[in-house]
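Visitor: So you can see what is in the structure, the chains are spelled out below.
Number of protein chains: 2
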Amino acid sequence: MRLVYYLLMEESLEDFLERAQRDFLAHISLDCVVFGFHAGQLKILLLKMKHEDKRALPGGFVRKDETLEEAASRTLRERTGLENIFLQQFSVFSDPLRSDPDARPQSLVLAGVSPEKTGFFAQRFISVGFYALVEFSQVVPRPDVLSDTCDWYNLEERGPLILDHDQILAAALAALQAQLNYQPLGYNLLPRKFTLPELQKLYEAILGKKLDRRNFQRKIFSYGILRSLDEKRTGVAHKAPYLYSFDLRKYQKALKLGLQGGW
Amino acid sequence: MRLVYYLLMEESLEDFLERAQRDFLAHISLDCVVFGFHAGQLKILLLKMKHEDKRALPGGFVRKDETLEEAASRTLRERTGLENIFLQQFSVFSDPLRSDPDARPQSLVLAGVSPEKTGFFAQRFISVGFYALVEFSQVVPRPDVLSDTCDWYNLEERGPLILDHDQILAAALAALQAQLNYQPLGYNLLPRKFTLPELQKLYEAILGKKLDRRNFQRKIFSYGILRSLDEKRTGVAHKAPYLYSFDLRKYQKALKLGLQGGW
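Here the protein sequences come in this chain order: E and X. To convert, note that position 141 of the first sequence is 140 in numbering that gives the first Met the number 0; the numbers rise steadily by one, no gaps. To convert, note that position 220 of the second sequence is 219 in numbering that gives the first Met the number 0; the numbers rise steadily by one, no gaps.
Hints should not be assumed to be uniformly reliable.
No distinction is drawn between identical chains; accordingly, a pair holds when it is met within one copy or between any pair of copies.
Claimed, not checked - The calculated DSS-like cross-link candidates involving lysine-lysine, where the alpha carbons are at most 30 Å apart (straight line), are: (1) Lys49 <-> Lys231; (2) Lys218 <-> Lys231; (3) Lys252 <-> Lys209; (4) Lys252 <-> Lys49; (5) Lys255 <-> Lys200; (6) Lys47 <-> Lys192; (7) Lys218 <-> Lys255; (8) Lys116 <-> Lys209; (9) Lys218 <-> Lys47; (10) Lys200 <-> Lys252.
Please keep in mind that the hints were generated in silico from the structure rather than gathered at the bench.
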């Protein structure tokens, strides 16, 4: 597994292009919006494209022998080093003009790759969007063959993205915000033990607005998904806040039936 | 518009196969689970395939110049006669073995179409699933070029479906059941005026279980999405029940923020 992983990492651009034509289904791509939470901020994982200023969502293609979900998991394993990432398919992006099918990616042109080798990119792609929620501290970001770097960015400081990736990101964030209204959220983004202010900051970062502390606590307690631990956060200057974890049985039930319970 | 529609209807199988290769994107299809509600039963729209006993969900392919949503709307317009159908993309079906890429549909083999003409079907398809909610009485079902009939079926009496269409139908029903837990539902399925027992029957048909009348009414009223009309259902034998309609402003808000309101 590890060996295969490093072999892939060291693949040249030319080898990748040759392999792409042979191994991947035509017309179908996937893009992943990877959310992490760190120091009170919502972060997203972006690639800095080679030879151009724009950034890109981690993406990939579907091998002829794998499902779309397997392709997304493989892509994210290659970019983050993580197995078993929480992945949710949220939308499909199919505007015929979302990319120019006759254009080759700028990074390939500038890398001096000859036109006959970049044929795989010169076609229309319908891209399936996935969002992923990961624990920030576990990720070891790694660039792909088309990019120089892979890194975390704050949402507001991400700069311009390629193609329709800003639209894909906005749709993923909207899906996450909608989820806050009817399902629990946080298990995949927070450490196992967290304080109520930390959970509130996560909600605020996703919603992009401040919440009233007392209303937040009343509402979140009413869902019955938190377990109060007999433990306090140590090493903080002020009054030490209590730690909580999710009650996983109730969390899973609320994921399935919604926060207000089923019929 | 009408003219184009009837021309399409009269297209021969051979013409369709020739056009498919030229006009549609490879590898991508769509399948639509069309739900209607009639006489207290949840119905789905199915095609009876030519030359075989199995039934199929209405489906289609994506033209090179259209989005996936446009392709789904076009497909449903051709099958139902309706414009502006409520459509929701709910999952993507991508098992490499979901259809045998070397096999031609049985209906084409039995129709005596030569193998070199059925090439478009002899490939792997990743299918995007949409569910549609329509008002039963408005639909005029029409078969496509591969099918003999297009008709409404009760969920339990539908018989075997082709390929993985049973799985696609089950996933659509699960998505609808989940929606009942956090969003309003019924506007696209019921006539404009309805009684509370009619609304309860719709919920029961989707959930596949009986609900307690008083609990149902308490819960549904608590969402504040119903408008009580000063009118009773006439022409019924027993005590005439009051009519209701949805308060569309509140209904739309609850669609966006969930039934318990946003943060």
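Visitor: Taking 30 Å as the upper bound on the Cα-Cα distance, should Lys49 and Lys231 be classified as within, between, both, or neither?
Guide: Result: close neither inside a copy nor across copies, 46 Å intra and 69 Å inter.
Visitor: How would you classify Lys218 and Lys231 at a CA-CA limit of 30 Å: within, between, both, or neither?
Guide: within (22 Å within a copy, 39 Å between copies)
Visitor: At most 30 Å between CA atoms: does that hold for Lys218 and Lys255 within a copy, between copies, both, or neither?
Guide: Both, since 19 Å and 19 Å are each at most 30 Å.
Visitor: Indicate which option fits the pair Lys47, Lys192 if close means a Cα-Cα distance not exceeding 30 Å: within, between, both or neither.
Guide: neither (33 Å within a copy, 55 Å between copies)
Visitor: Tell me, please, which holds for Lys255 and Lys200 at an alpha-carbon limit of 30 Å: within, between, both or neither?
Guide: both (24 Å within a copy, 22 Å between copies)
Visitor: Check Lys252 against Lys209 for me: Cα-Cα at most 30 Å, and say if that holds within a copy, between copies, both or neither.
Guide: This pair counts as both: shortest intra-copy Cα distance 28 Å, inter-copy 21 Å.
Visitor: Under a CA distance limit of 30 Å, which applies to Lys218 and Lys47: within one copy, between copies, both, or neither?
Guide: neither (40 Å within a copy, 50 Å between copies)
Visitor: Checking Lys116 and Lys209: alpha-carbon separation at most 30 Å within a copy, between copies, both or neither?
Guide: neither (51 Å within a copy, 61 Å between copies)
Visitor: Between the shortest in-copy and the shortest cross-copy C-alpha distance, which are at most 30 Å for Lys252 and Lys49: within, between, both, or neither?
Guide: neither (45 Å within a copy, 44 Å between copies)
Visitor: Given a CA cutoff of 30 Å, do Lys200 and Lys252 count as a within-copy pair, a between-copy pair, both, or neither?
Guide: Both. Shortest intra-copy (24 Å) and inter-copy (25 Å) distances satisfy the 30 Å Cα cut-off.
This entry does not satisfy hints 1, 4, 6, 8, 9, going by the numbered hints stated previously.
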